[in-house]
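Enquirer: In case you want the letters, here they are:
2 protein chains.
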Amino acid sequence: MTPVIDGLQYANWSPKIFQEMRAGGVDAVHVTISYHEDFRETVANIQKWNQFFEEHPDLIFQGFTADDIALAQRTGRTAIIFGSQNPSCIEDDIGLVEVLYRLGLRFMQLTYNNQSLLATGCYEDADTGLTRMGREVVAEMNRVGLVVDMSHSAERSTLDAIEHSTRSIAITHANPAAWHPAKRNKSDTVLRALSETGGMLGFSIYPHHLKDGSDCRLAGFCEMIARTAETYGIAHLGIGTDLCQDQPDSVVDWMRMGTWTKSVDYGEGSATQRGFPQMPDWFAGNLDFANIQAGLEGVGFSRAEVAALMGGNWLRFFQNSFGAQAQAAKKAAE
Amino acid sequence: MTPVIDGLQYANWSPKIFQEMRAGGVDAVHVTISYHEDFRETVANIQKWNQFFEEHPDLIFQGFTADDIALAQRTGRTAIIFGSQNPSCIEDDIGLVEVLYRLGLRFMQLTYNNQSLLATGCYEDADTGLTRMGREVVAEMNRVGLVVDMSHSAERSTLDAIEHSTRSIAITHANPAAWHPAKRNKSDTVLRALSETGGMLGFSIYPHHLKDGSDCRLAGFCEMIARTAETYGIAHLGIGTDLCQDQPDSVVDWMRMGTWTKSVDYGEGSATQRGFPQMPDWFAGNLDFANIQAGLEGVGFSRAEVAALMGGNWLRFFQNSFGAQAQAAKKAAE
Chain Z
634 MTPVIDGLQY ANWSPKIFQE MRAGGVDAVH VTISYHEDFR ETVANIQKWN
684 QFFEEHPDLI FQGFTADDIA LAQRTGRTAI IFGSQNPSCI EDDIGLVEVL
734 YRLGLRFMQL TYNNQSLLAT GCYEDADTGL TRMGREVVAE MNRVGLVVDM
784 SHSAERSTLD AIEHSTRSIA ITHANPAAWH PAKRNKSDTV LRALSETGGM
834 LGFSIYPHHL KDGSDCRLAG FCEMIARTAE TYGIAHLGIG TDLCQDQPDS
884 VVDWMRMGTW TKSVDYGEGS ATQRGFPQMP DWFAGNLDFA NIQAGLEGVG
934 FSRAEVAALM GGNWLRFFQN SFGAQAQAAK KAAE
Chain H
634 MTPVIDGLQY ANWSPKIFQE MRAGGVDAVH VTISYHEDFR ETVANIQKWN
684 QFFEEHPDLI FQGFTADDIA LAQRTGRTAI IFGSQNPSCI EDDIGLVEVL
734 YRLGLRFMQL TYNNQSLLAT GCYEDADTGL TRMGREVVAE MNRVGLVVDM
784 SHSAERSTLD AIEHSTRSIA ITHANPAAWH PAKRNKSDTV LRALSETGGM
834 LGFSIYPHHL KDGSDCRLAG FCEMIARTAE TYGIAHLGIG TDLCQDQPDS
884 VVDWMRMGTW TKSVDYGEGS ATQRGFPQMP DWFAGNLDFA NIQAGLEGVG
934 FSRAEVAALM GGNWLRFFQN SFGAQAQAAK KAAE
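Keeping their order, the protein sequence lines are chains Z and H.
The first sequence stops at residue 967 when you use my numbering, and every number in between is there.
The second sequence stops at residue 967 when you use my numbering, and every number in between is there.
In short, the hints are calculated from the structure, not lab data.
Any given hint could turn out to be false.
It does not matter which identical chain is meant; a pair holds if it fits inside one copy or across any two.
What the hints assert, rightly or not - The list that follows gives simulated cross-link-like pairs (lysine-lysine, DSBU-like), each with its CA atoms no further than 35 Å apart:
| no. | residue 1 | residue 2 |
| --- | --- | --- |
| 1 | Lys816 | Lys895 |
| 2 | Lys681 | Lys895 |
| 3 | Lys649 | Lys844 |
| 4 | Lys844 | Lys816 |
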């Protein structure tokens, strides 16, 4: 049985959500444990997760390897896989890459929306590509088996990361810009380079990444997936919902502004729509993965193709990507 | 009596050096208290300085305002003015600008050699100019009266800072690239934009910034100053020796490599000359400021001009630049 895997969530975690993950049949989720947090603050977030794991061993556990997905399926639980949306957690210290890997970090974005020490975010005017430190850190991430995630990065930086990384990278949560032009969605150039090197794209259901936003229809979303699969092949596509379930609007302010500005930055929103946008009615949360499955069947994908899109492709990517001992998927794909 | 002011030193501080400052007639020094240190580590460095101030009140004290230079002259001591060579000390938190100002920070470089969260360093291949956070932080530095220092920054970033800053900026330690081409020396475009906006240039005696390096003659150095004064005017020129007195070579490795790489980076040095270069024989340390004075007289500067170059210009810049209450020198200069 192919697992159901979500390539990215950042919920206001609670037992209620863990129960919904079970009810929704979600076998593994890449969860964001850090945005703007520094190393110590990221460790504090891990401590909170450790408490969740201790209190709810019947629902969730921490996933370290691809094999943990099978364990999740066998024991009827959800594997929680850690990731960071910004390299703030390694501060300016390349030695923290291995330390955070050991603590379970499996994905790290080289940038959030702004310039980082490593690369450029998609909201900057100018794009350096990988910086001197960025090239060093990507090599270290490759060595230990921590996935480079470029979901929020600018074009040249993303292409640089794809080229410089010796292992396939991921864009865990974004859509093709050709379908819906948005700073966070990705160009054909990026998607082509990504798929040609075995890199994964997780389709996002965050309304600002959707054509027609919160009013986007399930059929339209699944049609977009079908067109993307026709263009780039189906093997490296998955879901990365970007679900921010139960989060208060203060959190999206913090995501956008962190502590880098004293002004208001609306990010993908606007003065009149500053908070989290309403999710489409066909995907309100972890109970609704069956809707996506049905939608994919509805646009003509075979049962095997739906399984690949819902988690099979992520599973293979995890097998190739997590840890130093894995074969580099990029070389295999080339 | 015009004071003698050094625009930058990073020595292995000791009572011996403080005594040499007195013997050398140095009234104020902008000292580097932070390179790659984060906020807490920078505070620890301030604590070390507090101990020096407590133990040697007859030799040194912390300077907070331009008026403290007169106090130093009146009491026969050296005013120590804090600065940082990298924005690591504010981490990713704009709120730390005001906090560090309150602790006495009066200069902050927006970058060391690499890309920072604010701008691009002179060793990177590509140059973003000021980032989104960089523009916000420069505005905040302008508000509180903390000087923007672009000594180690790349060309476009430096021009951006000059344009974006509402107050004059400084290049505390560098020389004209036309005299000695080096990544750390500055182009005519930068020096023109700097001087036209009331910004200060401190001439460096660090051998990698000198024509003929450690063998550079005093007359050649002073001739270069004379040519620079002819081209850009004398009003915004001073000395910024970049003296790293008594530092072991391990420190220059740390300056260059911090914790951003696991490889060796030679910076301005090379595999065969990895350590600190030997200082020119006419400027071995704080005892030798009189040699520079004599050299400047030797190339034809008047006594008043020599006084301006040795400290008078820095004093006026401090008056205009430190603190929120000061008039913005840039506006006055335009």
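Enquirer: With identical chains, the pair Lys816 and Lys895 could be close in the same copy or across copies; at 35 Å between alpha carbons, which is it: within, between, both, or neither?
Expert: So Lys816 and Lys895 pass the 35 Å test inside a copy (23 Å) and across (33 Å) alike.
Enquirer: Using 35 Å as the alpha-carbon threshold, which applies to Lys649 and Lys844: within, between, both, or neither?
Expert: Classified as within: same-chain Cα gap 30 Å, cross-chain 69 Å, threshold 35 Å.
Enquirer: Between copies, within a copy, both or neither: which fits Lys681 and Lys895 at Cα up to 35 Å?
Expert: both (29 Å within a copy, 31 Å between copies)
Enquirer: If the cut is 35 Å between Cα atoms, do Lys844 and Lys816 qualify within a copy, between copies, both or neither?
Expert: within (13 Å within a copy, 47 Å between copies)
Violated hints for the displayed structure: none, as all numbered hints are satisfied.
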